[in-house]
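Engineer: So the sequence shown is numbered by this note's numbering: it starts at 14 and just counts up by one.
If you're looking for bench data, these hints aren't it; they were derived computationally from the structure.
For every residue, glycine included, the Cβ atom is placed at its ideal position computed from N, Cα and C.
Take the hints with a grain of salt, since some may be wrong.
Stated by the list, open to error - Derived DSSO-like pairs (lysine-lysine); straight-line CA-CA distance at most 30 Å: (1) K152 to K116; (2) K97 to K71; (3) K150 to K97.
Claimed, not checked - What follows is a list of derived Cβ distance ranges for each label pair: (4) Q106 to T49: 42 to 48 Å; (5) N52 to H139: 29 to 35 Å; (6) I47 to D100: 54 to 60 Å; (7) N52 to P161: 38 to 44 Å; (8) Q78 to G46: 40 to 46 Å; (9) G129 to G46: 46 to 52 Å; (10) G46 to A73: 51 to 57 Å; (11) R157 to N119: 21 to 27 Å; (12) T159 to G65: 31 to 37 Å; (13) N52 to D153: 41 to 47 Å; (14) E122 to D153: 25 to 31 Å; (15) E51 to N151: 39 to 45 Å; (16) I47 to Y125: 35 to 41 Å.
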Amino acid sequence: MSSILFRLLPPARITVSSITRQIPNVARLSTGGIYTPENTEPPIPEYRERSGETTELKRARLLYQSRKRGMTENGLLLSSFAAKFLDNLNEDQLTLYDRLINKPTNDWEIYYWITGNKPTPEEYNHQIMDMLKDHAKNKDHDLRLTQPDLYT
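Working from the sequences, and respecting the hints, build out all of it.
Structural biologist: Okay, structure coming up:
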């Protein structure tokens, strides 16, 4: 049946020139040439501190955020730091840690500050950063090949 239809229909004639005539040229759409946007990166939303969060909920959130960083180096450093120190931090220290791991827009900045490869900005140069820098030196020679278990 399909072979009968093909015999009845005239052959389609599509040429490259007929296709290109149908596609508008980007340069012809604007008088000033091709449009190039100034900022091609999506905007990064500004960090907003959470209010009304209990200390227990804040610890749980910070533990999660310490483990899920998007880069292995910070995942290992921050998750092992959180496992070791998070339960003993007071409310003010938790707030400093929260700002430190959430306000900077680039995780590599945090990594370079912790390891001492770049100077720490004044805003983040506090006791939690000192604790993180000391933790990164690994004076106890802990094996940190994987993130610590959540429930030990």
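Engineer: Hint by hint, note whether the structure agrees.
Structural biologist: Now for the hints, and whether the structure bears them out:
1. K152 to K116: holds (28 Å)
2. K97 to K71: Cα-Cα ~16 Å, so holds.
3. K150 to K97: holds (14 Å)
4. Q106 to T49: 42 to 48 Å: Once the Cβ atoms are compared, 46 Å apart, the range 42 to 48 Å for T49 and Q106 holds.
5. N52 to H139: 29 to 35 Å: holds (32 Å)
6. I47 to D100: 54 to 60 Å: holds (57 Å)
7. N52 to P161: 38 to 44 Å: holds (40 Å)
8. Q78 to G46: 40 to 46 Å: holds (45 Å)
9. G129 to G46: 46 to 52 Å: holds (47 Å)
10. G46 to A73: 51 to 57 Å: holds (53 Å)
11. R157 to N119: 21 to 27 Å: holds (22 Å)
12. T159 to G65: 31 to 37 Å: holds (35 Å)
13. N52 to D153: 41 to 47 Å: Holds - the Cβ-Cβ distance for N52 and D153, about 45 Å, lies within 41 to 47 Å.
14. E122 to D153: 25 to 31 Å: With Cβ atoms ~26 Å apart, the hint holds.
15. E51 to N151: 39 to 45 Å: Holds, at about 44 Å.
16. I47 to Y125: 35 to 41 Å: This hint holds: roughly 37 Å between Cβ atoms.
The structure agrees with every numbered hint stated previously.
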